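Colleague: Next come the chains, spelled out residue by residue.
Protein chains: 2
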Amino acid sequence: MPSPDEHGSCGLWIVGVGPGRMEYMTGRAIDAISRAEYVIGNDSYLEPIRSLLAGKTVIPSSMGKEVERATKAIDLAKFHRVAIVSGGDAGVYGMAGIVLEVLEHSGAEIPVEVVPGVTAANAGASLVGSPLSGDFATISLSDLLTPLEVIEKRLDAVFSVGIPVVIYNPRSHGRPHNFALAVEHARKYYPATVPVAVIKTALREGQADPVITTLGAIESVIEEIDMHTMVIIGGNESRIWRMGKNVKGIITPRGYHHKYVY
Amino acid sequence: MPSPDEHGSCGLWIVGVGPGRMEYMTGRAIDAISRAEYVIGNDSYLEPIRSLLAGKTVIPSSMGKEVERATKAIDLAKFHRVAIVSGGDAGVYGMAGIVLEVLEHSGAEIPVEVVPGVTAANAGASLVGSPLSGDFATISLSDLLTPLEVIEKRLDAVFSVGIPVVIYNPRSHGRPHNFALAVEHARKYYPATVPVAVIKTALREGQADPVITTLGAIESVIEEIDMHTMVIIGGNESRIWRMGKNVKGIITPRGYHHKYVY
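Line by line, the protein sequences are chains A and B. FYI, in this note's numbering the residues of the first sequence are -9 to 252. FYI, in this note's numbering the residues of the second sequence are -9 to 252.
Wrong hints could be hidden among the right ones.
When chains are identical, the list treats them as one kind, so a pair holds in a single copy or across two.
[Unchecked claim] With a straight-line cut-off of 25 angstroms between C-alpha atoms, the simulated PhoX-like cross-links for lysine-lysine are: (1) K68 <-> K190; (2) K143 <-> K46; (3) K46 <-> K235; (4) K143 <-> K68; (5) K55 <-> K235; (6) K68 <-> K55; (7) K62 <-> K46; (8) K46 <-> K68; (9) K178 <-> K143; (10) K143 <-> K62; (11) K235 <-> K62; (12) K68 <-> K235; (13) K62 <-> K178; (14) K235 <-> K178.
Don't read these hints as lab results, they were simulated from the structure. Remember, predicted model here, so these are calculated numbers, not experimental data.
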C-alpha cells in the first residue's frame, strides 16, 4: 500500500497505539501521530498520548460510531494528514477493517498505511509468563457483530485441538453469561487443572495484578471479569509456571522438553 | 512479575523487538536493551538494532541452541542486567517460553520482565489491509517440535469454523510439503475464492511486495514461499480488498455490513 509519507501533504494512517502506556507504542506509531494534522479516536486511547497531540485538531469519538468515524477520516484525508487511532493493533478488533471497507466503498484513492501495534493479547500474555508460546487463537465473546452460536462453534473447535485461547470482551453487563458458556465448552475438552489467566487493563493505567487460576477454580474470580479484562485459557500442554515456590504465570511449552535435557 | 527495574543491578528482560526495523520496536524494548550490560540473541535480530549495542557485551547465538542460550542468560542475570532478544513478540514462537522454563527448573529467583512486541502476524497483516479484523488463529507448520498429525488436526479445526489463519514457518527445504498439506485441508472447507496473502520479510530489510491471491490460485506462488514468508489464509468471511480498481489486500469484515448502511 502507498504510505502517506510518499505524498506528504495528505493521507491516512490507521495507527495501533498498543495497550495504552506510551512506552509500548512503536516509533512508527509515534511518528505517524506526530505528523498528522487531524487525530481521530476514542478518548481512552487518546488520553495516554495527550503529549503528542499539541497543535493538532483532535476529533474524539465514542464506541459504536465506527462507520461515521471512518467516513470522517477518509473525507479529511483527501486533503490533510490524518491519523485514526485504535488501541492494541488496529487490525485486530480495531479500526483498520471498517476504515478500509468504507474507503473501498467510497471509491476514493488516497495514500493509506496501517501501522501495527502490540495487541492486548500479547500485552496481557507478557504479564503472565509465556502462555501463547506456540499456536493459539483469539476469540471475542461479543455477540454484537457475531452470532453467539458462531462464537460457540469457534470455541469448541479450538478447545478440541488443545490450543490456548485469548478471550477478548469476555463479559459485560449486556452479556454476563457468555463467559460462563465459554468455560462450559472448555470443560468438555480439558481437565480442571488447565491454567487460566485473568488480566485486567494490561500495561494501561489502572493495571491490576493478574490472577492465575485454573479452569476448575474459575468461578471464584468470575465476578471480577469485565470488558477491560482479557482471559487466557491455556491449552492441553499449558501449565502453571513458578519461580521458587510462587505461582507466577502460565507456560505453554513448545515441545523442547521432548527434544532437550536441561 | 518483578521487573529488573525494581532492582537495577541485575535481572533479565526477555525482549520482543518486533518485525525487524527499529521503528517498529516499542520504547520499552529500546529502553530495556539500552540498560542491559549483556545482550543475547540471534544475529538477524541484533543486526537492525546495532546502534543500541555500543559498549555492551553481545552474545550472538544461532537457531537451535535455545536451551543453552536460556541457561547462559539466566546465569548472567543473577549478577548483571541481561536482555535476551526475540524477533516479533518474545512470547509467540519466541524465547520467552523456553527461558522461563529453564529459569523455573534452575530454582533461581531473579527479576524478570517479558517485554511484548509487534508480532510477525500483525506486521504482515498491516501490509495487506485488515485480514485479521476479528477472531483468528496462528499455526506453525514446523514439525520440529510439534508432530505433523497434531498440526493437521489444528488446521482442520480452525478451517472448519471459518476463522482466518496466520501460517508461521510455512515451508522449508526440510519440509517442502507441509504447506501443500495445509492448503489441502483448507480446500475441504473453503471455496477457491477465499483470499490468501503471501508476505515475505514483513517490515524488515529486504521486504518484498506482498502477493494477494486465492486458495484456488495458490499453486502459482507456492515456490516463492519459504521460512521467511508468512501466509495468511482468509476465513469464510474474508474477501479481496480494492482501492479504485486495484487489488490491495484482504479484508475480513467484522459484521458491520449486517448492522450499518454506508
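Colleague: Output the numbers, in ascending order, of every earlier hint that fails for this structure.
Modeller: 1, 2, 3, 4, 5, 10, 13, 14
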